[in-house]
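Trainee: Each chain, letter by letter, is given below.
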Amino acid sequence: MLEKAIYGGRRYWVWVCFLLSLIGVGFLAYLYQFQNGLGVTGMSRDVSWGLYIGQFTFLVGVAASGVMVVLPYYLHDYKKFARLTILGEFLAIAAVIMCMLFIFVDLGQPLRVLNVILHPTPNSVMFYDMLVLSGYLFLNLLIGWTVLGAERKEVAPPKWVKPLIILSIAWAPSIHTVTAFLYAGIPGRHFWLTAILAARFLASAFAGGPALLIILAMIVRKYTKFDPGKEAIQTLGKIVTYCMLINVFFLGLELFTAFYSQIPGHMHAFQYLYAGLHGHSQLVPIMWLSSILAVIAIALLVFPQIRKNESLLAVACAATFFSLWIDKGFGLVIGGFVPNPFEKITEYWPTLPEALITLAVWAIGFLVLTILYKIAVSVKEDVVFDKYGERQIKAE
Amino acid sequence: MSMNRREFIKIAGLSSILGIGGVTGVTALKNSVEASQVSKNPEALTAKRWAMVVDMSKFASEEDFQPCIDACHRVHNVPHVTDNPKHEVKWMWPETYEHAFPGNEDEYRAEKYQHMPFLMLCNHCENPPCVRVCPTQATFKRKSDGIVMMDMHRCIGCRFCMAGCPYGARSFNYKNPRPFIDESKENPEFPTRMKGVVEKCTLCYERLAKGLEPACVEAAKEVAVKKGTTPGLIFGDLEDPASEVRKILSERFTIRRKPELGTSPSVYYII
Ligand code: SF4
Ligand code: SF4
Ligand code: SF4
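Going down the list, the protein sequences come from chains A and B.
Just so you know, the first sequence maps onto residues 115 to 510 in this note's numbering.
Just so you know, the second sequence maps onto residues 65 to 335 in this note's numbering.
The set of hints was computed from the structure by calculation and includes no laboratory data.
Treat the hints with care, since some could be wrong.
What the hints assert, rightly or not - Per the computed footprint, the stretches of chain B lying under chain A, defined by three or more beta-carbons under 8 Å from a beta-carbon of chain A, are:
hint, stretch
1, 151-160
2, 198-209
3, 233-239
4, 300-314
5, 325-332
Unchecked claim - Below 30 Å or equal to it, Euclidean Cα-Cα: the simulated DSS-like pairs (lysine-lysine) are:
hint, chain 1, residue 1, chain 2, residue 2
6, B, Lys-285, B, Lys-274
7, A, Lys-118, A, Lys-458
8, A, Lys-458, B, Lys-150
9, A, Lys-458, B, Lys-122
10, B, Lys-322, B, Lys-150
11, B, Lys-259, B, Lys-290
12, B, Lys-322, A, Lys-458
13, B, Lys-311, B, Lys-274
14, B, Lys-112, B, Lys-122
15, A, Lys-344, A, Lys-193
16, B, Lys-311, B, Lys-205
17, B, Lys-176, A, Lys-458
18, A, Lys-339, A, Lys-488
19, A, Lys-118, A, Lys-336
20, A, Lys-276, A, Lys-488
21, A, Lys-458, B, Lys-205
22, B, Lys-322, B, Lys-207
23, B, Lys-259, A, Lys-458
Stated by the list, open to error - Which chain B residues stay away from chain A? Per the calculated CB distances, all over 10 Å, these:
hint, residue
24, Thr-110
25, Ser-125
26, Glu-126
27, Asp-128
28, Glu-282
29, Lys-322
We put the beta carbon where it would ideally sit given N, CA and C, even for glycine.
Make a model of the complete structure from these sequences and hints.
Mentor: Okay, here's the thing in C-alpha cells:
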C-alpha cells in the first residue's frame, strides 16, 4: 500500500517539501544542540524540563484520543465513525512517533537512550511509559494497516484484529494515565502532586485530540474525494464539547482546592501562571490567551445550533486545540517548576534552536500523518460506501 | 577499590550469559562487590547509614562556610559556570532560612536566623525520590551505607531525577563542564564530567574508601582549628548509637529539610 504515497498531485508534493524543509532546518538546530548541549535551550537548573517534555505530554494525549473514534465504532457499533476510525488510528501513530522524538531530543546523552532498555527499572514510571507507548504504537500500526489492507482488497478484516482492537481501546487511556503518573507521583512539586492529574489529562486529551481530528477530517474532505462524513464530524464535535467542559471543570476543582485551602505551596504555581509571582509574570499573557480561547471554544461548542455550522465548529476546534496546547504543552510543565524547591523563581522561555527543533518534530509528525492519510484516502476513494458510511464488501 | 560498579556489571552480565551464575550467584557477587567497595581498604571508613550534622552556630560568615564549598568543588572538579546562572552546577552552597526551609517563614523571627547561611547539599535521603524515578538506575542508593550515588557514565540526561528531588540538590551539565574547571586546581584523581549528565554531592564515597572524611568536613575542621572552636560539619553513622552524630542528635534540637515528604533526609541542622 505504501506505493500510494508516491503518487500525488502538485499540492501534495509542495506540502511534503515544505515539511521536509522544516525538518531540515530543525535537524541542523538539533546538530547544534547535540554539539553544544542542552544549554542552547531555555531550560535551567530550576526549570529542567521545558517545551520538549510539554509537547511530549500534550501529544500523548492526542495519541490516546484516537480511542474516541475507535471505541464508539467497535464497541457500540456506531457506524457513522466507520470512515473516521482509520484517520483516528493514523493520527495516533503520528502522535506517538512525535512523543518518542520529543523524549529523544530532550535527552542530555541521546546516544545512551538504550540504557532504559539495558537497565530496565520497574520502579521508574518512565519505564512503563516506554512500554505502553511502544505497545500502543505497535497496536495501532498493526490494526490500522490490517484493516485498511483488507478494505483495499474489499474483504472483511481478519478475525484476529478484533481482540487487538479491544485491547487497543483499553490501552489508550493507559498511555495517558502513565504519562500523568510521571508528574503526579513526585513529592514536593505541588502543582503536579494531585490525584486528579490523570483525569485532567484524559479530559483535555479527549477534547484536544478529537478537535484536531475534526480539523484534519475537514481538510481531507476539502482536498480529496474522500468524505469522512458530516454526521461523524458532528458527533466528534459533541465529544469535544463534553470533554472540554469536563476539562474546565477539573481545572476549577484544582483552583478551588488551592485557593480555598489557602495553602501557599498549592497556590503558588497558579499565581505564577495566571497573575505573576513576586514580579515574575512571563507566562501570564499566554496562560490568559489559553483561558480566553477556552471560553471562546466553549461558547461556540455548547450551543448545538452554532456547533452545527461547520465553519464555526472549525473555529471552535482550533480554539480548543490551541488553548489546550498552551495549557498542557507549556503551562503544565513550567508551572511545576516555578517556584523551585527553594521557593525562588527562575523563568523559562524557549530559545530559537529549541523552537526550531520542536517545529521539526511536529513536521516529522505531520509528514508521517500526511503519508498515512494519503494512503488511507487513496484506498478509501476507491471503496464504495453505503448511506451509513459502512463500506460495501464484495465478498459478502 | 579493585572493581568498580561498571566492571561488576560487565562480569555479572557475562557470567549470567555464560550461565555461571544464576540470580543467586549474581546477588552473591553483587554483595561481595558492594562489600569490597567499602571494606577492601582496611582503612576505609564504613557505616550503615552515613549522616551529616550542620551546626549553624559555626557558620556566621562567608569565611566559615566558603572553605567547605571550595574544598568540595575543588576535589570533585565541579565546574564553576559563571556565564549563565541557569546552567550553574553546585554540590554545596548556602541558602537563607526562608529558602532552605520554605513554608516555615515567620516575619517576626530574629534577624540573625533569617540571614544564616544554611549549607545545602544532597540529603542522601533514606527514601530518595530521585532514585525512585530514575529510569536507568544511574542514580542509586548504595545498600551498604545509604549513600545516594551517581553513575555519570550511565545517566542519559533525562533529568527526571531533578524533577523528583524536592531539595534542588541536583545539577545538570547544560554544556561541556571542562572549560569551566580551573586546570591548575583540577584534581586528577576524580573524573570530570561531560555535557548532558546530572551530578550532585556523592558524600565523598571516593574519599571514604581511602579512609578520608568528606572534603567539606575536613575543611570545616580546618576552619575550626583556626577559630579555636568545634567544627560546623559533623559526619558519622546514624545507625551507630555511639557515633558523634547520634550523640548530637540525642542532645541537641535538630531539624531536617521538608521531613513531611517522607524522604527522611540524612542531613540535620542545628540552629
Ligand atoms: S536530596 Fe535529592 S538528590 Fe539527594 S537523595 Fe534526596 S532526593 Fe535524591
Ligand atoms: S538524568 Fe540521569 S540520573 Fe537523572 S533520572 Fe535521568 S538517567 Fe537517572
Ligand atoms: S560530602 Fe563530599 S561531595 Fe558532599 S558536599 Fe561534602 S565534600 Fe561535597
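Trainee: All the hints need checking, so say for each whether the structure fits it.
Mentor: Against the structure, the hints:
1. 151-160: holds (count 4)
2. 198-209: holds (count 5)
3. 233-239: Check passed, 5 qualifying residues.
4. 300-314: Since three or more residues must qualify, the claim that chain A covers the stretch 300-314 of chain B is violated, with 0 doing so at under 8 Å.
5. 325-332: holds (count 3)
6. B:Lys-285 / B:Lys-274: 18 Å, holds
7. A:Lys-118 / A:Lys-458: Judged against 30 Å, a Cα distance of about 55 Å means the pair is violated.
8. A:Lys-458 / B:Lys-150: 13 Å, holds
9. A:Lys-458 / B:Lys-122: 26 Å, holds
10. B:Lys-322 / B:Lys-150: The given pair, whose Cα atoms are some 24 Å apart, holds under the 30 Å limit.
11. B:Lys-259 / B:Lys-290: 38 Å, violated
12. B:Lys-322 / A:Lys-458: Satisfied, since the Cα-Cα distance of roughly 16 Å is no more than 30 Å.
13. B:Lys-311 / B:Lys-274: Given that 30 Å is the threshold and the Cα spacing comes to 25 Å, the pair holds.
14. B:Lys-112 / B:Lys-122: This hinted pair holds, its Cα atoms lying about 27 Å apart.
15. A:Lys-344 / A:Lys-193: 13 Å, holds
16. B:Lys-311 / B:Lys-205: Holds, because 25 Å separates the two Cα atoms, which is no more than 30 Å.
17. B:Lys-176 / A:Lys-458: 21 Å, holds
18. A:Lys-339 / A:Lys-488: Given that 30 Å is the threshold and the Cα spacing comes to 12 Å, the pair holds.
19. A:Lys-118 / A:Lys-336: 19 Å, holds
20. A:Lys-276 / A:Lys-488: 25 Å, holds
21. A:Lys-458 / B:Lys-205: 28 Å, holds
22. B:Lys-322 / B:Lys-207: Roughly 23 Å separates the two Cα atoms, so the pair holds.
23. B:Lys-259 / A:Lys-458: 25 Å, holds
24. Thr-110: Fine: 27 Å to the nearest Cβ keeps Thr-110 (chain B) off the interface.
25. Ser-125: Ser-125 (chain B) clear of chain A: closest Cβ-Cβ about 21 Å, beyond 10 Å.
26. Glu-126: 19 Å, holds
27. Asp-128: Holds: least Cβ distance 21 Å, greater than 10 Å.
28. Glu-282: The assertion about Glu-282 (chain B) holds, with a minimum of 27 Å to chain A.
29. Lys-322: Nearest chain A Cβ is 7 Å from Lys-322 (chain B), so the label is violated.
This entry does not satisfy hints 4, 7, 11 and 29, going by the numbered hints stated previously.
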